[in-house]
Amino acid sequence: MAFKRLYLPKENIYIPSSLKTDDEGFTWLANLWEITKQSKSYSLDFQNTNWFEANLCAILGAIITLRTDEGCHFSVCNIKSNQLNQTLSNNGFLSLFKNGDRTSTKNSSIPFQQFDMTNEEEVEKYIYEHVLLSERVPEMSEQAKKKVFRSIFEMYQNSVMHSGADNLFVCGQFYFHKRRMALTMVEFGRTFKENVARHNEAFKDYSGLKAIEWAVISGNTTKKAEETGGLGLDLIREFLQMNEGKLQIRSADGYWEEKKGVNFAKDCTNQFSGSVVNIEFNLRDENIYYAKEEIDPNSLF
Amino acid sequence: MSIVRLKISDFTRSHRAVSAKDGDQVYESIVSNFEAKMPVILDFSGIELIITAFLNNCIGRLYFSYSSDQIKELLRIENLDPSEVGLLKLVIDRAKDRFEKKYPKNIDEIDTLNDDPADYGL
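These protein sequence lines map, in sequence, to chains G and P. Number 48 in our numbering belongs to position 67 of the first sequence; there are no gaps in the numbering. Number 107 in our numbering belongs to position 30 of the second sequence; there are no gaps in the numbering.
Isolated chain P, as found in the complex (with noise of 0.2 Å):
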């Protein structure tokens, strides 16, 4: 199976990562490779500043239709400077909070079918 590169500089033309927009068309091009099961690597090599509005926007949201584990097995970070390995965390963090399910610990006895999600929490 091919692996897709992607160059963090090609989009945004700089040695930083400080728009939100850039990080959406990265979004873009990962999703599209990922819905043609193709992993993709992301290349932050020349990157030397990073911020939470660019990374939110293409790894962070990921989250939202993907789980960790199709993540995990179609992504992968590659020249990210150390530095900025924190930032990344707390993006990762922050996202998988955000859309991780909370399910109630009685689930087993909730009549799915009759029953109002909401008096559950869901």
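Extracted from the complex, chain G is given alone in its bound form (with noise of 0.2 Å):
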């Protein structure tokens, strides 16, 4: 039986000669989410690719298998530097392609991983093989990984509880140099301004960054009257401070950052689908964080 092979126009795109995690990395993938509309066949093209930060295959692996499922095509091309070609072939990006590497993805780099939002166990195993482990962070302390697994562990709940999405996707990456790790989350559902213009009709009109420099406040959470939230996003933050790591928020028209305790926030100028999280960890912690609590835990209630 012989099968026909189904036409599909064909369109190059060029990434950027430097594609970070920033607002401007962030605002180009969201265009790229936008361009990729039609059913068509794509190539992306690295040819003037110098630097691509690994941790963003996370949108751009997202982004190739949303819209494949919606009929596209992908093809990669021009991957000049040997570096980049094994940077993106052990996190497993390349094998998103026909004609991409397939070597199995290595210990250097934290791998690009689709998660059902259903399938909790699969995140939580994944997060223990691929992140922080022993020998990679030799110097970080004990209860600074607690902080890190904490960390991890609330902002993927945010996005279960709060973005209605099916899948989550994530990359994350050791900048061995820098001694940090970045890990991005991606979830193409509910913005921070849907949810938060539906949890009060007084913030409708908010922007995508007010509607996330509503969420980030102490105690604000879009949770039901009935429920108690509003913490998770406090304590990576508090963390993220003492631990001089950073977090980055893109979602709807909104980008919003803190490093080192200092914001940054700008209003885009495209909209982004969902939501992306970028949380970088500083591997020379060695602070202790807290001492053992002497209380009664029932003397609480």
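Keep in mind the hints are simulated off the structure, nothing from the lab. You may find that some hints are simply not true.
Stated by the list, open to error - Computed spacing ranges between beta-carbons, pair by pair:
1) G:Glu207 x P:Lys114: 13 to 23 Å
2) G:Asn181 x P:Ile118: 32 to 42 Å
3) G:Glu110 x P:Val108: 33 to 43 Å
4) P:Ser109 x G:Ser20: 45 to 55 Å
5) P:His92 x G:His158: 32 to 42 Å
Here a beta-carbon is modelled for each residue, glycine too, at the ideal position from N, C-alpha and C.
Each chain sits in its own coordinate frame; assemble them with the hints.
The following block contains the structure:
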């Protein structure tokens, strides 16, 4: 039986010379989601690319996966640098393409992976298998590691509870020379803007940025009146300030970041149809974070 | 009166309590026992890592339906890692703050039959 080959018009998309985890990088990727709406064959051309931060594979891989499900076809070409080719191969990104390298993931990276939001155990396993393996972060205190894990799980649960998306895409990278680790999570569900507007009529005209700014304030939560929340992001921010790490959020037309306790935020020119969260941890963290509480937990009620 | 022991690891099936959904299941179990006037022990033995999303859903929510006194009477925490007590305190303080009824100081002067409660912030 012969199969008909479906003809798709082909288009080259040039990856920028430098794609970083910042507002410009997120804006370019938000735009990529928009321009790949039509069922076409797209070739991602890396010929101009000198710098590509591998944790951004979470977003690029999410776009490719979701658009492929909608009938698009993607290929890659002209990855000139061996180092970039190796990085994208090691984290499993290139295995998304028929013409890509299928080298198995190596422990120098935190692999690109898609998770079903209902399969929480898989995420738990992934985080413990790939993040903060002791041989990579020998100087990090156990308390600091625990805070890192807690931050990641709190962030993941925020996506589960608030996005309504079916899938979460994750990818990370160890930047050994800077002794930092970045972990990017992305979903194409309800944005911060949509959730905050739904929560309160008074917030319906909030911009994407204003919605993020509202959500990161301690105690603010879009959960129902009979539920409690609004602590997770607060704890992450508090820890990252001590850790000298960084938190970045891009959702709808808002971009917000906090680095070493200093904020930078802006209204973006395009919409991101979901939410991206990037957490960057400082792996040189030897802080002792808490003394054990001597109080009886039953006295807290 | 018999006491029901709920082992957290039986709900989470791991050494971690990092899922809001698991917190919901623990909450349902606590409430069904509370309704039967059965005291509950939450046993955290073997749990090494907890997040607020779990604690909010299993303990924080209780303050919407039950008073502090009721919870004190019916709920007991055991084997919680001392390094996680601070997290539990945060969650309980936040829940009390969210659900605590704030009555105006002049409550006795209010005509509760004829006045609009909104005028008094109620």
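| Do the Cβ positions of P:His92 and G:His158 conform to the proposed distance bound of 32 to 42 Å? | 33 Å, holds
| query | Do the beta carbons of G:Glu207 and P:Lys114 sit within 13 to 23 Å of each other? | reply | 22 Å, holds
| field | Range agreement (Cβ of P:Ile118 with Cβ of G:Asn181, hint 32 to 42 Å) | value | Holds - the Cβ-Cβ distance for G:Asn181 and P:Ile118, about 38 Å, lies within 32 to 42 Å.
| Should the hint that P:Ser109 and G:Ser20 are 45 to 55 Å apart at their CB atoms be regarded as holding? | The hinted range 45 to 55 Å holds for P:Ser109 and G:Ser20, with Cβ atoms some 51 Å apart.
| Consistency of beta-carbon spacing, P:Val108 to G:Glu110, with hint 33 to 43 Å | 35 Å, holds
Of the numbered hints given earlier, the model fails none.
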